[in-house]
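*Asks:* Assemble the complex: chain A is given as a structure, and chain B must be docked to it using the hints.
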Amino acid sequence: MAITMTSSTLSPTAVERSQGYWTGAARKLLRDPVAVGSGLIVLTLLILAVFGPWLAPADPYASSMLGRLKPIGSPNYVLGSDELGRDMLSRLIVGARLSLFMGLTPVLLAFVIGMSLGLLAGYAGGWINSAIMRTVDVLYAFPSVLLAIALSGALGAGIFNALLSLTIVFTPPIVRVAESVTTQVRGRDFVEAARASGANALTIVRVHVLGNVLGPIFVYATSLIAVSMILASGLSFLGLGVRPPEPEWGLMLNTLRTAIYTQPWVAALPGAMIFITSIAFNLLSDSLRSAMDVKN
Amino acid sequence: MLSYLIRRLVYALPIMLGVALVCFALVHLAPGDPLVSVLPPDASAELAARIRQLYGFDRSYPEQFVSWLWRAIQGDLGTSIATGRPVRDEVFRAVGNTLRLAAIATLIGFILGSLFGFVAGYFRNTWIDRLASFLSVLGVSVPHYWLGMVLVIALSALTGILPASGAGPGGSDRWAWDWEHMRFMVLPALTMSVIPMGIIARTVRALVADILEQEFVIGLRARGLTEFGVFLHVVKNAAPTALAVMGLQLGYLLGGSILIETVFSWPGTGFLLNSAIFQRDLPLLQGTILVLAMFFVLLNLLVDMVQGTLDPRISRG
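Residue numbers (numbering that gives the first Met the number 0), protein chains in the order written: chain A, 0 to 295; chain B, 0 to 316.
Since the hints were derived computationally from the structure, they do not count as laboratory data.
Be a bit skeptical, because a hint or two may be false.
Chain A is faced by these chain B residues, among others (derived, beta-carbon under 8 angstroms) [claimed, not checked]:
id, residue
1, Val9
2, Leu12
3, Ile14
4, Leu106
5, Leu137
6, Trp145
7, Gly250
8, Gly254
9, Asn273
10, Val296
11, Leu301
No residue lacks a Cβ here, since even glycine has one placed at the ideal position from N, Cα and C.
Bound conformation, chain A alone (with noise of 0.2 angstroms):
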């Protein structure tokens, strides 16, 4: 059959390289309006995050004792100013570095622990499933704000702690899908036939069970972000995060509350962007359920 090949066989002919699963997973999001859109979002809120002490047009920290409390559409101030005659404008924006590494840095963080606990716990089995899983079963009985609350009002104000605890809320509804997923893998003919191959354990959570967990706990910890925006922000709008004068929206929200009578519309402005947010991140997280296939 090799031997007669014409020349039309011998041609070089365009192979499609068969997709992968997260390339795959790219194209669908590409296709889906609600995903370019929310993910455009979250792209122009990265931006101010990272450039936005570049493109605020005044300086954030910059007070003013006859500027206070303007409307918005004033001259100088496009968005008004805050109780102490800081520009709005220039605060939104540059609060967006703060308020996003308040938010992300948890679930980044839960993310990896979690994981790393998740698999450990489905994979060994045994006491060290049961060991790992009914600690997490004792913090999960808290409500999530319950527990962050506690926790960083026992732990005392401050970044630091407000991540701490943040991290700690987290982590638990993070391992439970990990050890879930894990669980279910680990019964399947691919990860026996590694094993009865020779492969360590190591080798074989790396090459065989990671990549088939990788997908739906990234789902999941993806779903927590709008969470843990929404928490961090309150957590400062408590006075239990990020202190003054920091620029951050929750704090921002917290220290306006006394103008909502003078200034009600620019007291609102700090919780419009904890909303666009959340809302961006929570349609792209479902945007990502449905292009990775990932069952709820």
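*Replies:* Just chain B now, with coordinates in the frame of chain A:
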């Protein structure tokens, strides 16, 4: 059935012990001397030692934990440092206020959420579904403390229709079910209901869409059942899970009301927690968290048990 209930109960006990341990550890996690807010700065070493002994801080941690837990089981949560009153009395008065708010918010959220979810699931992949789904995304995305502020701005600061804060006329904390008092609850309850509304809408939509795909629904339609008859079957199948989610949401609201209560100065557990944190009133902090967390664990237990009773698939599984 009974064995399922007993198994579930036995499983909850170590969780409750763990929860108590976390609450106990919180105080010792706190940096600095737990007595710092009780003692005057110029207190003699002798006085400090006596107070330390009085609060039991001179003993080892396991000893302290056992005696604290033993007293807590008997209903003694210690004395508030700031007010000098028993923590139990402070917490239970606040729990009543929060429970009232959370229960009404859950009810509103459940009714509207089920409605949105049902409609979305029934007319799935139509514009009605997309609209309802988008609204539920808004519901779960909104920072509720900000929504509270916006509602205060719109209905209180600008128009003066409803009061902005407090739980009764003239700052009174005596409650009555009349409009004079109820109007103080409208804004916080509405704000609070948005979270369970979004979550219940999402759950019910997925449930209804899932049930409608199942074969027995095709069977019912094939036998010529009216659309209303099919609807009743769908409700019956979706109800246990939807009710369970509602129960859990009530628990989340009880524990998570602190931000909303701060916005509206509502005299509940969140408000208490806030003052305990900022006055470094550690017994009060510990007691409030313990009561709220235990409430949540018991509510979880109750929800599981009710769900197991309503849905035989769970207790036999």
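*Asks:* With reference to the structure, classify each hint as holding or not holding.
*Replies:* Structure-based check of all given hints:
The criterion of a C-beta within 8 angstroms of any C-beta in chain A is not met by B:Val9, whose closest approach is roughly 14 angstroms, and the hint is violated. Interface restraint check: B:Leu12 against chain A, minimum CB-CB distance 12 angstroms, threshold 8 angstroms, status violated. For B:Ile14, the interface hint holds, since its Cβ comes within 8 angstroms of a Cβ in chain A; the closest pair sits about 5 angstroms apart. Given the 8 angstroms rule on beta carbons, the hint for B:Leu106 is violated: about 18 angstroms separates it from the nearest Cβ of chain A.
Among the interface hints, the one on B:Leu137 holds; its C-beta lies about 7 angstroms from the nearest C-beta in chain A, closer than the 8 angstroms criterion. With 8 angstroms as the threshold, the beta carbon of B:Trp145 comes within range of chain A, its nearest partner Cβ sitting at about 3 angstroms, so the hint holds. With a least beta-carbon distance of about 6 angstroms to chain A, the hint placing B:Gly250 at the interface is held under the 8 angstroms criterion. About 3 angstroms separates the beta-carbon of B:Gly254 from the nearest beta-carbon of chain A, less than 8 angstroms, and the hint is met.
For B:Asn273, the interface hint holds, since its Cβ comes within 8 angstroms of a Cβ in chain A; the closest pair sits about 7 angstroms apart. A hinted interface residue such as B:Val296 counts as satisfied when its beta carbon comes closer than 8 angstroms to some beta carbon of chain A; here the least separation is about 5 angstroms, so the hint holds. At a threshold of 8 angstroms, the smallest CB-CB gap from B:Leu301 to chain A is about 14 angstroms, leaving the interface hint violated.
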